[in-house]
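By UniProt numbering, the letter at position 120 of the sequence shown is numbered 120, and the numbering carries on one by one without gaps.
There could be a bad hint or two in this list.
[Claimed, not checked] Below 25 Å or equal to it, Euclidean Cα-Cα: the simulated SDA-like pairs (lysine to any residue) are:
no. : residue 1 : residue 2
1   : 5         : 179
2   : 5         : 125
3   : 5         : 94
4   : 5         : 93
5   : 5         : 203
6   : 5         : 214
7   : 5         : 89
8   : 5         : 73
9   : 5         : 169
10  : 5         : 186
11  : 5         : 231
12  : 5         : 33
13  : 5         : 100
14  : 5         : 229
15  : 5         : 208
16  : 5         : 74
17  : 5         : 164
18  : 5         : 126
19  : 5         : 106
20  : 5         : 54
21  : 5         : 225
22  : 5         : 16
23  : 5         : 90
24  : 5         : 19
25  : 5         : 119
26  : 5         : 67
27  : 5         : 175
28  : 5         : 31
Simulated from the structure, these hints should not be mistaken for laboratory data. The structure displayed is predicted, hence computed values, not measured ones.
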Amino acid sequence: MHESKLQLDDLHKAFPGPLPVLDGVAFDVAPGEFVSVIGPSGCGKSTLFNVIAGLERPDAGRVVVDGEDATGRVDPFAYMPQRDLLFPWRTVLDNTTLGLEVAGVPRRVARDRARALFAPFGLAGFETARPHELSGGMRQRAALLRTVVQDRAVLLLDEPFGALDSLTRTDMQTWLEEVRARFGWTVLLITHDIREAVFLSDRVVVLGPRPTRVRQEVAVDLPRPRGVELITSVRFAELEAALLAALRGDSHGDSRA
Numbered sequence: 001m002h003e004s005k006l007q008l009d010d011l012h013k014a015f016p017g018p019l020p021v022l023d024g025v026a027f028d029v030a031p032g033e034f035v036s037v038i039g040p041s042g043c044g045k046s047t048l049f050n051v052i053a054g055l056e057r058p059d060a061g062r063v064v065v066d067g068e069d070a071t072g073r074v075d076p077f078a079y080m081p082q083r084d085l086l087f088p089w090r091t092v093l094d095n096t097t098l099g100l101e102v103a104g105v106p107r108r109v110a111r112d113r114a115r116a117l118f119a120p121f122g123l124a125g126f127e128t129a130r131p132h133e134l135s136g137g138m139r140q141r142a143a144l145l146r147t148v149v150q151d152r153a154v155l156l157l158d159e160p161f162g163a164l165d166s167l168t169r170t171d172m173q174t175w176l177e178e179v180r181a182r183f184g185w186t187v188l189l190i191t192h193d194i195r196e197a198v199f200l201s202d203r204v205v206v207l208g209p210r211p212t213r214v215r216q217e218v219a220v221d222l223p224r225p226r227g228v229e230l231i232t233s234v235r236f237a238e239l240e241a242a243l244l245a246a247l248r249g250d251s252h253g254d255s256r257a
């Protein structure tokens with residue numbers, strides 16, 4: 001059994017108000033594993049990500065990366081928020097180097113590192129373009145490139161395709177499946193889309209209502225690589241149904257669905 005790349009150890013977090021947000025959230029993510037987190041609206045998914053990423057301190061519990069306490073640290077994580085947040089006055093290349101530059105990497109070195117990823121990310125030829133010249137899917141690719149070029153231990157993706165139309169979203173999910181397999185990233189994804197969670201993940205963590213805890217973990221035993229034809233399979237439908245039942249609180253702990 002592999003040592004966990006990321007371990008969430010009994011995380012608690014409360015803000016002023018009637019209910020705490022996190023009430024002992026605990027699960028692991030193995031090296032190279034793709035794990036999605038789903039849960040009811042308002043249950044605390046974004047708060048959980050902020051705690052993992054070091055943007056909020058937990059009231060109790062720990063975030064552990066590669067066996068070391070990383071609670072409150074930002075350096076082990078590359079965080080991609082829902083919006084692409086590309087600066088309109090910078091070229092696409094200079095947008096993708098921003099995280100490296102903030103970390104103190106010389107601009108020329110940062111550009112060389114980012115430029116090497118433009119072809120596998122489907123952005124070759126757009127290095128000098130401005131964000132407004134890109135499609136929505138290409139903007140998200142640029143935002144993800146900016147995230148992964150930082151070469152952090154864990155990628156945190158917060159609804160990265162939520163603002164895209166259905167067809168573009170499906171295309172981006174297929175593309176992410178391909179590049180993730182190529183680069184072997186360790187990924188934790190927040191999504192409201194059960195189908196997206198099944199298609200992309202090795203495992204799905206289902207959170208309960210606020211104050212949230214892990215309600216269930218469902219292993220996604222679908223073969224890789226995954227293409228869109230898999231969505232119509234019987235097993236895919238079974239996994240979707242199991243996750244929907246877990247969200248509703250109808251499931252009783254069968255982690256294999």
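Exercise. List, from low to high, the hint numbers that the structure doesn't satisfy.
Key: 2, 3, 4, 7, 9, 11, 14, 17, 18, 19, 22, 23, 24 and 25
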